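Given the coordinates of chain A, work out where chain B should sit on it, guided by the hints.
Read top to bottom, the protein sequences are chains A and B.
Each residue of the first sequence is one higher than the last, beginning at 1 in my numbering.
Each residue of the second sequence is one higher than the last, beginning at 1 in my numbering.
Rather than coming from a laboratory, the hints here were simulated on the basis of the structure.
Where hints are given, some of them may not hold.
Pairs of lysine-lysine, BS3-like flavour, derived with a Cα cap of 30 Å [to be verified]:
1. 109(B) - 139(A)
2. 2(B) - 333(A)
3. 497(A) - 366(A)
4. 109(B) - 411(A)
5. 320(A) - 288(A)
6. 34(B) - 210(A)
7. 497(A) - 51(A)
8. 51(A) - 17(A)
9. 191(A) - 444(A)
10. 497(A) - 54(A)
11. 714(A) - 109(B)
12. 411(A) - 118(B)
13. 509(A) - 51(A)
14. 288(A) - 54(A)
15. 536(A) - 17(A)
16. 411(A) - 714(A)
17. 366(A) - 210(A)
18. 366(A) - 288(A)
19. 411(A) - 139(A)
20. 366(A) - 51(A)
21. 145(A) - 109(B)
22. 54(A) - 509(A)
23. 17(A) - 282(A)
24. 51(A) - 282(A)
25. 333(A) - 34(B)
26. 320(A) - 34(B)
None of the values given here were measured: they were computed from a predicted structure.
What follows is each chain in one-letter form.
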Amino acid sequence: MSEPAITQDLVASHGLKPDEYERLLGIIGREPTFTELGIFSAMWNEHCSYKSSKKWLRTLPTTGPQVICGPGENAGVVDIGDGQAVIFKMESHNHPSYIEPHQGAATGVGGILRDVFTMGARPIAAMNALSFGLPSHPKTAHLVKGVVEGVGSYGNAFGVPTVGGEVRFHRSYNGNCLVNAFAAGLADADKIFYSVASGVGMPVVYLGAKTGRDGVGGATMASAEFDDTIEEKRPTVQVGDPFTEKRLLEACLELMASGAVISIQDMGAAGLTCSAVEMGDKGGLGIKLQLDDVPQRETGMTAYEMMLSESQERMLMVLKPELEAEARAIFVKWDLDFAIVGETIPEDRFLILHGNEVKADLPLSKLASSAPEYDRPWVETPAPAALDAVPEIAPLDALRALIGSPSYAHKAWVYEQYDSQVGADTVVAPGAGAGVVRVHGTGKALAFTSDVTPRYVQANPYEGGKQAVAEAWRNLCAVGARPLATTDNLNFGNPEKPEIMGQFVGAIKGIGAAVLALDMPIVSGNVSLYNETDGKGILPTPTIGAVGILASLDELIAGRPRPGDVAVLIGETRGHLGQSALLAEAFGIEAGDAPPVDLEAERLAGEFVRANRKAIRACSDLSDGGLALAAFEMAEGAGLGLVLEAGDIPTLFGEDQARYLVATAKADALIAAGKAAGVAVAVVGRFGGDAVSFGADTAPMAALSELYRTAFAKAVA
Amino acid sequence: MKAAVVTFPGSNCDRDLAVAFEAAGFEVARVWHKDTALPVGVDVVGIPGGFSFGDYLRCGAIAAQSPIGAAVRAHADRGGFAIGICNGFQVLTEMGLLPGVLMRNAGLKFVCRSVMLKVATTASPFTQSYAAGQELAIPIAHHDGNYTIDDAGLQRLKAEDRIAFTYAANPNGSMADIAGVLSANRRVLGMMPHPERAVDPVTGGADGQGVFASLMRGMALA
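The following block holds chain A by itself, in its conformation from the complex (with noise of 0.2 Å):
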């Protein structure tokens, strides 16, 4: 078959610039075919080779002695004592999300699964953080319905529990939806597997689902901004089959029991050629591909198709070849394809072999490490203006704008689509602020939250990086949980404005910061540039995932308030409303700074809470909404109404950081242990009744509770 001649354009549309193409023709001296075209192209666009973020990411902490492997590879793994491990990514699959809502999110969790167990790890918990455009919007409903629909359907036949996330509404992300997903799963630290190839003829083995034409081109088209031609990419959006996936998994843990795994990659974006192209190059061996032996689901596939489809659920091995019978029979047993298409040679070669030619014959360590790597410019985020005055607005109106915006409305509309509880180890399920699975057969359990604040990364890329990171560790030590360590899941705009690439930097270093003063290393992450439509870019999301470890179920704090307990505040209140979520969704207002994150502040009272977990009933951190709408929320979920002393807005809605309220019968040695721990400790009102009262203002607990638990089905409907 005769395959298109190299031009300038066929380059430009594989998203090559002229001075990346003179850059390949560096390396191999001569024109490319056509596959060794897409096999670069996949190699070295954004999503795939970090290009514009590496230079950034080398700067997070990433080590600790909690630490077993850090970034690098498909998971981070993380000590949970007991010679057990907790393997965790954050990943986004936001473009082929917004394309084809249903499929782009239920493959977003499919891959993420395989990047936790192609490790060795059962996966135990599963989270999405999901940023939408504004309900108004006319694509708006129709994508939450298809990613809702999208992430329970993958999830819940996979069989992993779904504990956590975060769904927000923004207009910035009217063109450009953010579907982050994350999985955790749990292994023996002796017993995990890495993707590093050794020994010369070895088998690579092709391990899964067939090999079609979906996805072809997909980590390309994830890697360019939006415009008009969006629906002609519906066919790089792949489709997923959880119910492969669940087989894959059960044959993956049962081969990898066996002994017969030198090495196993997923194949994830740019499928067949990331997967082999990293397997080789860690174990700095050559790999040789005899395409004709792919499992293929369609006729007539091409070297280029295979190469680059972007097909589910599959996944590349070493073998052991003396293992091989065995092996093939566990994927006989689950009615999985199971192919040996190539084996490891000893040269520096990249070779794929389709009927008798050659397709591609590439220096495979060039390939794999010499992807052009950006200083891209950056300009320092102008320090935002001072906050105006604030309009006048009554406590109980103020907490209505905020219960009935969908952003902060009750979420069980979306995660009652999620099954929560399959593997019966969920402690705490999805509505609070950090999911809590317990270690299966063990009395411990790990805790799993996701958090940033997009308005404030905007407004002040460091802090806002920062308090990410902080909201996270709130989250854990509100279950009682001590936080270990974190993924970073980075959504920005266009690194190729300085702007957005100064918000970039920014938030890095405030991640950085934080991460390094709370001890919670960055350990797997994953970057999503070139997230704007029309040239407008979304509002900077660096998602963190944090995972957090309760050594036994005594610890957890996770009660509900009960009539006549106390509402104990902890931590400082000095009624910061610049970029508070109040401003936004009363007034529009979008303006001030974000809050400062004392970070010393945040270590002291997440330990405070902890220390004093026996004296604390329920708890919950301050975040959005601060502290009416932590009252409230904590009040509601217990069937009570709630007296807040204060009635005004800012000691009511203020933001301050390294905050928590908590319902106690023993606020007094609460208060003495305040003293004693230099946190401070005080009482701003009561649980109980059924009314809610803020200051003078009086409202039936009822009608609140109607609005705050409507609002988001209204939204989306």
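Relative to chain A, chain B alone:
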């Protein structure tokens, strides 16, 4: 007492069901869908929740035709005990061991939450540990739990006291609020809610323990 838990390739509550049986004192054997016989001496067969064969079309329809299906049917025909939970309930209806069918939820969405069930009859080996009319908090997690049956079938279920559980607030459109039904010999139970997810106070309550405790007691008497 010995329980067998069947695993289809897309089962995902098989481990949870085995744990619940073990906690109630059963010895548990795991059975693969390609097996053609149950282990010797099995008293009760458990068909777990999940998505047996992906269930993209009719839930449980392919599972009902799997090799182990014939052995399960023979076990039931001999008067053996069987419980099908969620997808397992769908499989038992597809196998013809229980009447009716589970349609798509009336709300057309997957629903996962803890719901209140009422014990509709205590005259069964699965419910005898409960009090009549007792309310239980048990989680549901399904997309196709809308129990549907023809009028004659419904009248018969009622007349023969074969409705095991009903929903206090119907979450899926099921006829007569039915959450679980019994076979004519009362030895096969299918239910959409997940009692195996409610056997430990730490993870969502212990109201489901009674199903397994009842069974243990019931079989001791049988």
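Evaluation of the provided hints:
| no. | hint | result |
| --- | --- | --- |
| 1 | 109(B) - 139(A) | holds, 20 Å |
| 2 | 2(B) - 333(A) | holds, 26 Å |
| 3 | 497(A) - 366(A) | holds, 28 Å |
| 4 | 109(B) - 411(A) | holds, 15 Å |
| 5 | 320(A) - 288(A) | holds, 17 Å |
| 6 | 34(B) - 210(A) | holds, 23 Å |
| 7 | 497(A) - 51(A) | holds, 15 Å |
| 8 | 51(A) - 17(A) | holds, 13 Å |
| 9 | 191(A) - 444(A) | holds, 20 Å |
| 10 | 497(A) - 54(A) | holds, 17 Å |
| 11 | 714(A) - 109(B) | holds, 16 Å |
| 12 | 411(A) - 118(B) | holds, 27 Å |
| 13 | 509(A) - 51(A) | holds, 18 Å |
| 14 | 288(A) - 54(A) | holds, 29 Å |
| 15 | 536(A) - 17(A) | holds, 22 Å |
| 16 | 411(A) - 714(A) | holds, 12 Å |
| 17 | 366(A) - 210(A) | holds, 29 Å |
| 18 | 366(A) - 288(A) | holds, 16 Å |
| 19 | 411(A) - 139(A) | holds, 20 Å |
| 20 | 366(A) - 51(A) | holds, 15 Å |
| 21 | 145(A) - 109(B) | holds, 10 Å |
| 22 | 54(A) - 509(A) | holds, 14 Å |
| 23 | 17(A) - 282(A) | holds, 27 Å |
| 24 | 51(A) - 282(A) | holds, 19 Å |
| 25 | 333(A) - 34(B) | holds, 9 Å |
| 26 | 320(A) - 34(B) | holds, 28 Å |
Violated hints for the displayed structure: none, as all numbered hints are satisfied.
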